[in-house]
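Modelling step: build the complete structure from the supplied sequences, incorporating the hints.
From first to last, the protein sequence lines are chains A and B. Here the working numbering runs 1 ahead of the position in the first sequence, where the first position is 1. Here the working numbering runs 1 ahead of the position in the second sequence, where the first position is 1.
Keep in mind that the hints are not guaranteed to be accurate.
[Claimed, not checked] Derived DEER-like restraints, expressed as beta-carbon distance ranges: (1) A:Ser145 with B:Glu74: 49 to 57 Å; (2) B:Ala107 with A:Glu121: 40 to 48 Å; (3) B:Pro112 with A:Glu92: 29 to 37 Å; (4) B:Ser73 with A:Ala40: 50 to 58 Å; (5) A:Lys45 with B:Ser73: 45 to 53 Å; (6) B:Asp37 with A:Pro39: 19 to 27 Å; (7) B:Glu124 with A:Lys45: 29 to 37 Å; (8) A:Arg101 with B:Arg94: 17 to 25 Å; (9) A:Arg101 with B:Asp22: 13 to 21 Å.
[Unchecked claim] Per the computed footprint, the stretches of chain A lying under chain B, defined by three or more beta-carbons under 8 Å from a beta-carbon of chain B, are: (10) 9-18; (11) 122-136.
Please keep in mind that the hints were generated in silico from the structure rather than gathered at the bench. A virtual CB, placed ideally from N, CA and C, is assigned to each residue, including glycine.
Number of protein chains: 2
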Amino acid sequence: MKLPVSTEWLLHCAASLAQLDAGATASAAQLAAYYDLPAAYLAKQLQSLVRAGVLTATTGPRGGFRLGRPASEITLLQIVEAVDGGSSPYECREIRQQGRGALPAAQCREPCILAAKMAEAHEAWRRTLAATSLADIIATLPASTPRRTRARLTGRP
Amino acid sequence: MKLPVSTEWLLHCAASLAQLDAGATASAAQLAAYYDLPAAYLAKQLQSLVRAGVLTATTGPRGGFRLGRPASEITLLQIVEAVDGGSSPYECREIRQQGRGALPAAQCREPCILAAKMAEAHEAWRRTLAATSLADIIATLPASTPRRTRARLTGRP
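Given below as structure tokens:
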């Protein structure tokens, strides 16, 4: 199971945007240059964060992207699921109900115990990512980092 | 991110083999008929469980597959990782070290905090699956199930 390569891009882009001053924005081209990523494809991926409400896109000469809500209210899970969707990596096709061993429908009203355990593991994964916000991430950075990020990302300190 | 469809097949096959009497085996064809799965492809997938030591393959007229160790020592994680490998779904390509924002190597001796959080989530997923053995799964089944499984899988009660 693999997350899209753009998962890393969007986690980093969102963390960088979380270091801008309130109201400031960065364009897709600026973010692409900052991380040396393909600009057109990155721009498309950033839209998935806009649709999820993680980012807001503004238009006009100074338009670009900024956080859609406070960094403390954006979790890593919201970013990852904006990129990849929220479905479990395990797919239960109910093979317990097919073939020579098929169980009667009456015995299949509860989810299969194997599917339930796989769902439990996915929930543990989700809980871990939901427990960390962008504000938590920024709080771990050296104190000098946000100023450097702003300067290199937008050209404005 | 998606696990292979055969993940469900192999979890169920291993759980069924865990219900056989000691020393009894079931062939790939029997397992395929039991769950109505494509026999040749299933046989290939079962080999991944043999390579992982989860199953043992025996040859000869009554040959087939049986558990490679006691059901209490086979975890769901071992089965899932035999199918899909053990790597994390998140790939860190160190984009923090590229582009205009590239961090100096000296600041990148520690893993990126975002990669570390993604790894933590993967470990939470792994821990959940490692905490459940095939014996735990069998213990949840109705008391009449193993006899039915044996009869329908191998034709021997």
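Now for the hints, and whether the structure bears them out:
1. A:Ser145 with B:Glu74: 49 to 57 Å: Roughly 51 Å apart at Cβ, these two residues keep to the hinted range, so it holds.
2. B:Ala107 with A:Glu121: 40 to 48 Å: With Cβ atoms ~41 Å apart, the hint holds.
3. B:Pro112 with A:Glu92: 29 to 37 Å: holds, 31 Å
4. B:Ser73 with A:Ala40: 50 to 58 Å: Since the Cβ atoms of Ser73 (chain B) and Ala40 (chain A) sit about 54 Å apart, the hinted range of 50 to 58 Å holds.
5. A:Lys45 with B:Ser73: 45 to 53 Å: holds, 49 Å
6. B:Asp37 with A:Pro39: 19 to 27 Å: Between Asp37 (chain B) and Pro39 (chain A), where Cβ atoms are some 44 Å apart, the hint is violated.
7. B:Glu124 with A:Lys45: 29 to 37 Å: holds, 31 Å
8. A:Arg101 with B:Arg94: 17 to 25 Å: Violated, at about 47 Å.
9. A:Arg101 with B:Asp22: 13 to 21 Å: holds, 19 Å
10. 9-18: holds (count 6)
11. 122-136: The restraint on the stretch 122-136 of chain A holds, since 9 of its residues have a Cβ under 8 Å from chain B and three suffice.
In summary, the numbered hints that this structure violates are 6 and 8.
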